[in-house]
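J.: As a plain string of letters, each chain reads:
Number of protein chains: 2
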Amino acid sequence: MDISSYIREKASLARAAADALAVMSEDVKNAALLYMADALEKGRDAILAANAEDVEKARASGLAAAMVDRLTLTPERFNSMVAGVRHVVTLPDPVGVELAKTDRPSGITIRKVRVPIGVIAVVFESRPNVFVDTAALCLKAGNAVVLRGGKEALKTNSALAECVRGALSVPDAVQFIDITDHEAVSEIVRCTGLVDLAIPRGGERLVRAMCEAALVPVLKHYKGVCHIYVDDKADFAMALSILDNAKTQRPGVCNAAECLLLHEAIEPMFMPMVKAWAADKGVVLHGPARSGDEGQDWEHEFLALEMNVGVVKNVGEAISHINRYGSHHSDCIVTADAARASEFLRSVDSAAVYHNVSTRFTDGSEFGMGAEIGISTDKLHARGPMGLEELTTYKYEVTGDGVVRG
Amino acid sequence: MDISSYIREKASLARAAADALAVMSEDVKNAALLYMADALEKGRDAILAANAEDVEKARASGLAAAMVDRLTLTPERFNSMVAGVRHVVTLPDPVGVELAKTDRPSGITIRKVRVPIGVIAVVFESRPNVFVDTAALCLKAGNAVVLRGGKEALKTNSALAECVRGALSVPDAVQFIDITDHEAVSEIVRCTGLVDLAIPRGGERLVRAMCEAALVPVLKHYKGVCHIYVDDKADFAMALSILDNAKTQRPGVCNAAECLLLHEAIEPMFMPMVKAWAADKGVVLHGPARSGDEGQDWEHEFLALEMNVGVVKNVGEAISHINRYGSHHSDCIVTADAARASEFLRSVDSAAVYHNVSTRFTDGSEFGMGAEIGISTDKLHARGPMGLEELTTYKYEVTGDGVVRG
Chain A
1 MDISSYIREK ASLARAAADA LAVMSEDVKN AALLYMADAL EKGRDAILAA NAEDVEKARA
61 SGLAAAMVDR LTLTPERFNS MVAGVRHVVT LPDPVGVELA KTDRPSGITI RKVRVPIGVI
121 AVVFESRPNV FVDTAALCLK AGNAVVLRGG KEALKTNSAL AECVRGALSV PDAVQFIDIT
181 DHEAVSEIVR CTGLVDLAIP RGGERLVRAM CEAALVPVLK HYKGVCHIYV DDKADFAMAL
241 SILDNAKTQR PGVCNAAECL LLHEAIEPMF MPMVKAWAAD KGVVLHGPAR SGDEGQDWEH
301 EFLALEMNVG VVKNVGEAIS HINRYGSHHS DCIVTADAAR ASEFLRSVDS AAVYHNVSTR
361 FTDGSEFGMG AEIGISTDKL HARGPMGLEE LTTYKYEVTG DGVVRG
Chain B
1001 MDISSYIREK ASLARAAADA LAVMSEDVKN AALLYMADAL EKGRDAILAA NAEDVEKARA
1061 SGLAAAMVDR LTLTPERFNS MVAGVRHVVT LPDPVGVELA KTDRPSGITI RKVRVPIGVI
1121 AVVFESRPNV FVDTAALCLK AGNAVVLRGG KEALKTNSAL AECVRGALSV PDAVQFIDIT
1181 DHEAVSEIVR CTGLVDLAIP RGGERLVRAM CEAALVPVLK HYKGVCHIYV DDKADFAMAL
1241 SILDNAKTQR PGVCNAAECL LLHEAIEPMF MPMVKAWAAD KGVVLHGPAR SGDEGQDWEH
1301 EFLALEMNVG VVKNVGEAIS HINRYGSHHS DCIVTADAAR ASEFLRSVDS AAVYHNVSTR
1361 FTDGSEFGMG AEIGISTDKL HARGPMGLEE LTTYKYEVTG DGVVRG
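Sequence lines, in order, name chains A and B. Just so we're aligned: 331 in this note's numbering is position 331 of the first sequence, and the numbers increase by one with no gaps anywhere. Here this note's numbering runs 1000 ahead of the position in the second sequence, where the first position is 1.
Excised from the complex, chain A in its bound form (with noise of 0.2 Å):
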């Protein structure tokens, strides 16, 4: 069979589960998730055997340590994925939920309510817990899933695909494309019909292969480009705290502040703090430079212990550079002045915009959405953490006793 018929024919076969799921109660969901769980627990020697297989593979092939890591299902790793499973069980079913009521004029009563969305194509990267998390939260969700991993966490991800679908009663809500050429992932997102929306959650190369061969609708995260603009008006210690937390509490994530922006009238006592707290936690300063300045890479994304410093001449010159070379993510303002505040907060054109709080938590658990399936940093359907609510969509039920429109 040829790729485009089998990834159809895949497809197919999560779009009929789709019809099924999207009626199922919640505990019928939960009670399938308690068994996955259970079967992911039985078949642990299993799936961490095809790891081990993946992860010597690996190494044999001079992949870099980093991804090594990543591909790597430690027992503990292992454990919380599973517990993952168990706590979705525990959150509330976004299905059915009643977003709107009106009784109109014409006599009839229209309901506004929450549904699946149907089939969605998840391609992912090396990390093997996507497979179950991602999984997981769109049954949950009453969703069919279509699941595309990496090529270097193939036996890894078919063991797991196994488990998983043996587990529930509808094993073709969970489908799992072990087709590692990219023509694969061309493919899921032409199938319009069937697919109703892909997730890609990896690189901006992925990412962009993706958008470009798509006719389905994509949810995207581009990067992650954070401010942190300290006002004139800023507390410095309140600021130099919240810099610290967002450079380096975890510099590798999409949230970390890639940016300090200065004002101006600030810049002869603030920096040296500044210089100061970098030498001091072994941060890598690019600049200051004024904002605009061509020699300086502002739109760049280190996720290092590293960092670009502007300077601007006010709050809307912040604005506009964060608008201009941001990436619509999350950024901050540091300052006690509340208008000021506000005309960032309002002004600047990111999925989080934060006063005196740090970026880094623009997360689905500190948002209190329990898990996330992402961050969007797109505007449309979802923006910023996306968690169960944002993996369904409505559709209306109007009533009425034989009501015709005049």
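I should point out that these hints are in silico values taken from the structure, not numbers from a laboratory. No experiment lies behind these values; they were computed from the predicted model shown. The C-beta atom is built at its ideal place from N, Cα and C for all residues, glycine as well. Some clues are possibly wrong.
[Stated by the list, open to error] Some chain A residues judged to face chain B by a derived CB distance under 10 Å, without partners named:
| id | residue |
| --- | --- |
| 1 | Gly96 |
| 2 | Leu215 |
| 3 | Val334 |
| 4 | Glu343 |
| 5 | Ser347 |
| 6 | Ala352 |
| 7 | Val353 |
| 8 | Arg360 |
| 9 | Thr362 |
| 10 | Tyr394 |
[Stated by the list, open to error] Reference excerpt, derived from the structure (chain B facing chain A, CB under 8 Å, subset only):
| id | residue |
| --- | --- |
| 11 | Asp1019 |
| 12 | Leu1197 |
| 13 | Asn1323 |
| 14 | Ser1350 |
| 15 | Ser1358 |
| 16 | His1381 |
| 17 | Thr1393 |
| 18 | Gly1400 |
| 19 | Val1404 |
[Said to hold, decoys possible] So these bits of chain B aren't anywhere near chain A, every CB distance computed over 10 Å:
| id | residue |
| --- | --- |
| 20 | Leu1048 |
| 21 | Val1068 |
| 22 | Val1097 |
| 23 | Ala1184 |
| 24 | Pro1217 |
| 25 | Leu1285 |
| 26 | His1286 |
| 27 | Asp1378 |
| 28 | Lys1395 |
| 29 | Asp1401 |
Please arrange chain B on chain A, whose structure you already have, making use of the hints.
T.: Frame of chain A, contents of chain B only:
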């Protein structure tokens, strides 16, 4: 200048205007809309003269009479277009509405707030009132708009653009693309970072071409293949009344019924009534045939006094038929049985599902939205009628007192 640079320049101007619009107060936006309405009235003669030129050229080129009619801006249509702008002034501004607010244990407060989408590109076909309707709705929701109309309406749209832009304090908020090459449309939907959303308002061919080329999200309406399923527990008089309304009240629109499905038990009794009704109203019936019968084109959108008739063995088969052959737009069950109605409403995967109500109600005004920019058959972001709220997204405003993540 080549087409690509020209389009990107217009989109960049819209992008800059969008930042200004995003923070504009409701009063200022309403004043701008009233100026716009006044300017259109003042420009009436020039606009109607431009339209007369377009109409004459279209007639001379042999454009079909129905198309010429759609292109024609009669004095009545002109007045209702201007009244439409004034009506938008009366609708509540969706921007700034707080959708949710949470205090988290970490000490942060999260407000989820409605904000404009940014830059919306709308590609439309012959009816010139779409230019003004779309501009008014997008502006009220705080968005800049890039408009591209059909080539047969070029002079009319140019006159409208001049008039509308002249009335605005931020004229760049409305960009008119006067290039009629298809390439212009492909370029618009590839402006990532500049255009946030593209909406086709036209036939299936335009929609497919835009989706094929797009890198930016597209919200679309493919077609309306709406069903009326008459259950064996239906009141026949009610069923006929709904059928009549859904098929004949305005057969050329997307929420008109294109397929009647009958429970097999009522075929002998009810089909003669349907035939009598069809003969009386001049409706051509294709069928009855068993659902799935390959002789019938079940996915056809007639947009005329013509429809398919299918026979199913129960509500379950009706649901499967609709999910398989329908367009996820609007579908109705006529029954006195509450359990079957509930099953139908839950299981049919359409934007609007009806119980004992005509499908003709899928409409922004009937749904209480005040006005609509179109009806989405997509599942993401907006489903069904799209009013002002559907032209917005949200952001998270997070505040605290120097809170950092532990």
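J.: Against this structure, judge whether each hint is valid.
T.: Status of the hints after comparison with the structure:
1. Gly96: Holds: closest Cβ of chain B sits about 8 Å from Gly96(A), inside 10 Å.
2. Leu215: holds (6 Å)
3. Val334: holds (8 Å)
4. Glu343: For Glu343(A), the interface hint holds, since the closest Cβ of chain B sits about 8 Å away, which is under 10 Å.
5. Ser347: Nearest chain B Cβ about 6 Å off; hint holds.
6. Ala352: Given a least distance of 4 Å, the restraint on Ala352(A) holds.
7. Val353: holds (6 Å)
8. Arg360: This interface hint holds because 4 Å falls under the 10 Å limit.
9. Thr362: holds (8 Å)
10. Tyr394: OK, holds: Tyr394(A) within 10 Å of chain B, min 6 Å.
11. Asp1019: holds (6 Å)
12. Leu1197: holds (6 Å)
13. Asn1323: Asn1323(B) check passes; min Cβ-Cβ to chain A is 6 Å, inside 8 Å.
14. Ser1350: holds (7 Å)
15. Ser1358: This hint holds: Ser1358(B) lies near chain A, its Cβ roughly 5 Å from the closest one there, short of 8 Å.
16. His1381: holds (4 Å)
17. Thr1393: holds (5 Å)
18. Gly1400: holds (4 Å)
19. Val1404: holds (4 Å)
20. Leu1048: Check passes; 32 Å lies beyond 10 Å.
21. Val1068: holds (28 Å)
22. Val1097: holds (13 Å)
23. Ala1184: holds (20 Å)
24. Pro1217: Its Cβ does come within 10 Å of chain A, the nearest being 5 Å, so this is violated.
25. Leu1285: holds (20 Å)
26. His1286: holds (23 Å)
27. Asp1378: violated (7 Å)
28. Lys1395: The assertion about Lys1395(B) is violated, with a minimum of 6 Å to chain A.
29. Asp1401: The claim breaks: Asp1401(B) does not keep its Cβ more than 10 Å from every Cβ of chain A (closest is about 6 Å).
Violation of the numbered hints given earlier is confined to hints 24, 27, 28 and 29; the remaining hints are satisfied by the structure.
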